[in-house]
Amino acid sequence: MTGKKQNDMETKKLTRVDYIFRPDNTCLDTLKKSLRRDRDEIILELIDSGLKGRGGAGFLTGLKWKLAKEAAGDVKYVICNADEGEPGTFKDREILDRVPRRVFTGMALCGYVIGSKEGFLYLRAEYKFLAPKLMSIMAEMNQEFKKLGLDFTLNIRYGSGAYVCGEETALIDSMEGRRGEPRNKPPFPVTEGYLNKPTVVNNVETFVNCTIIMGIGAEEYKRFGTDSSRGFKLFSVSGDCSKEGIYELELGMLLSDFVEEFGDGDTKAVQVGGASGFCVPRKKFNQTIIGFEGIPTGGSMKIFNSSRSMYHVLHNYLEFFEEESCGQCTPCRVGCQQLLKGIEAVKSKQRSSSYLDELVKLAKVMKVASKCGLGQSVGNAFVSIVDNFREEIIY
Amino acid sequence: MINMINLTINNIPVSVEEGTTIIEAARRLSIRIPSLCNHDDLCVSGNCRVCVVEQVGNPTLQAACATPVRENMQILTNSMMVMQARKTIIELLLSEHNADCTKCYKNGNCELQDLSNEYRIGNQVYIDLIPLKHYTIDQSSPSLIKDDSKCIRCQRCVRTCSDLQAVSALSAAYKGSEMKISSFYDRPMHEVICTNCGQCINRCPTGALTERNYIDEVWDAIYDPGKHVVVQTAPAVRVALGEELGYDPGARVTGKLVTALRRLGFDSVLDTDFTADLTIMEEGTELLTRLKKVLVDKDTSMALPMFTSCSPGWIKFIEHTFPDLLPHLSTCKSPQQMFGALAKTYYAQKKGINPKDIVSVSIMPCTAKKFEATRPEMRDSGYQDVDYVLTTRELAIMIKQAGIEFMKLDDEDYDRFMGESSGAGVIFGATGGVMEAALRTAYEIVTGREVPFQNLNITPVRGMEGIKEAEVKIENVKPDWSFLEGVTLRVAIAHGLANAKRLMTAIRDGKVVYHFIEIMACPGGCLGGGGQPIPTNLEIRKKRAEAIYAEDENLPIRKSHENPEIIQIYQEFLGEPLSHTSHELLHTHYVPRKRY
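Line order of the protein sequences matches chains A and B.
So for the first sequence, our numbering puts the first residue at 1; every next one is plus one.
So for the second sequence, our numbering puts the first residue at 1001; every next one is plus one.
No lab work stands behind these hints, which were simulated from the structure alone.
Even glycine gets a Cβ: it sits at the ideal position worked out from N, Cα and C.
Beta-carbon label-pair distances, calculated as ranges: (1) K347/A - M1080/B: 30 to 36 Å; (2) N316/A - G1246/B: 54 to 60 Å; (3) D1224/B - N196/A: 58 to 64 Å; (4) S1079/B - E319/A: 32 to 38 Å.
The following block holds chain A by itself, in its conformation from the complex:
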């Protein structure tokens, strides 16, 4: 289904697929089949599939598992990051609600591959209502693992509502009972994670993809997506759109196709990747690929039509970051406050419009000097909105 080429980049037509939510009972069979396979072979197949983490950062999942497998230590952990907190993302909730067994199978696979006996689902506080159901399924699956001779137990841990705990090392701190603050890297969790033991932290959707790949094989999986962005993923579509909701789409499409499908006919901008992502204005829709070669997203797609003030959009994001920065590192903690107060001062004419240039410089410093991905990505929304909608910020 390879589509047109633009700027020598391979793109795909917008294609809906149905793997993640497709009803079937093959999880246990997939696991059984995989447990008979060599661990390195599974890693190779995952690497070959090209699967990259679905949380947004895009690290090769197979490579992450390989590093954790090779890390020294008898005790290792698998953590499923279900702290879905990016504004405009709501697909992990749906996965956990509808196909939790695919998630847990992926975690068990990972446990088998890296040699971990314990896996944790780190569930965001706001999703606690799912916990009773998830725990009963976990209990069933723990029994099934035992029957298969797999020494792996699933468990659940809860977040407390901090956005930053979606960052894997802050998540680990939180699980250890501490205040969730991102750690210095290196060391990375694959060598020193939960309780300083080698740990794989993957997003909910990533584990589901692992289960799917083990079921259909890397060859089949690779038919989807582009060289840089293999497979398909879930998109949480919201904003001024004709049909908001969760859609499973092949990776590598052009934003223009996406807007044609989901926009309300008056789309002025799309925020790809949530508050920490990029704002793409209409004139760039047909040059923007959704994927790691273009703009990657953890799934959030927010569509804005011409009735929206981009000042308010930006103000909203900055309020979010000003509150959700952990406050640990200077560029992020103070930078977020300065960006927010800064655009307010420009808007109210307390500062001249050229102050926006100072703020853009600040946002760029935040991008290179912040301790974790949160602070590093605040500048994405800020710079892309100010660059493309400067008048709306000033006037």
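Starting from the known structure of chain A, arrange chain B on it as the hints suggest.
Relative to the frame of chain A, chain B by itself:
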């Protein structure tokens, strides 16, 4: 076999051991990378980001304090990208900082001030966030003041309080713009588990945490013609004060200290070392009494091991954290409080001064002593035994205010009486010192001979090891002490409350058996106290310790029981150790406190 890593910093090749951080590697090349959250005594944090450096090929900057070197790394510490980021970060910090420097207590000793001076931060680029924050200053503690408007959230205090001291009175609270360093449920500092040790103050790079100073009160007392102001000086002050007044760490300035105090106008300049010697007499006797009750009388109400009680930070710590172990604490007051009680009784009588007209001031390396002086049970003289406690730093401020050119002063001697001391009293200022002093006396009481260590130097109890232990076999005892014949006295020493906690836990779990334990709240003992000159680090503390032991070696009397003024006070006033008068004036009791 240590693996060596080769890298370049600013294009200069360097080879360092694996595990070295970039900031340390740069130091080897005499390249200083500025940092505010990094501290030699503390674990790595990497949160201020002032130390960011460029790693060629990496799009983001790396925190030099938190990033270990890797083979073939190319680091640039002064590239355009780095300088721009660093300057921006300092500007951001200043925008969130109450930069009213001229009115700040830490003016002149502030790492943020130094840095903004180095980078010539001029016109404020960013919006001043201070008016938006509605900070209040916590002045509830008698020991310290916490001013959040000066805080840069480097969390040195948090790491000090949790890692070095295992107290965790301070921790990061809230998030984002609201993030601050706070106490249990934001309670005022005097209501929480804070031990007043002041180690956070020693490491705070700005003026967010400072001692509560009583300089003006002391000046007022000096100026009051109706008051007789006595001052006592703790052992550790004399080996550290010089650092505030032009000397390198390790300078012994005892004689100049005395001269300066006299010039400041104190009516009598006396020495806490005298009551340190007295503590040894009381505490040593208490230990021997406890040993007898346990070993001979099989008295199960007596708790062994006995713990020292000189360190008020330690006292508050055990009251909060190990209240079940309080019976192990010696009932002896600290030397400061013994001095205070005697100043308004024994001293007043001998001098013929009405104790109500005496103002008792102490110069301490310690902020917890400020709290200790206000404890309600510390009024055995009928008045508050110690009126004002000044830290080494506050004294240095007074000396500067008085225009005293300290380095040019002649040496003078302490006044008599309560001014004479032995070397045993002096070494109270170092970790292991109380133990060594106690052993010098107790061993001699029991055997009639000097401790079996060359030149009286009991080296196993010295040094900066976190927990030290030693054994002394007691043989050929005097008839009164026959029950100790052949007993091996087992002792342990811990300094820094994290080490104290480890030792206490081991004792509570029955994993170790000792007879006598010395605990000092601060790393290195009093010489590393929370009232000592800033900065501090292991090297500085080692230099101060060397000075303490040199002071001891140079004194003619080195055993507490040979101090003639001690002999005299027992003859004239106290009778004998643990006498009725001693119990009234020199001993105290403790209270269990809440766990937060």
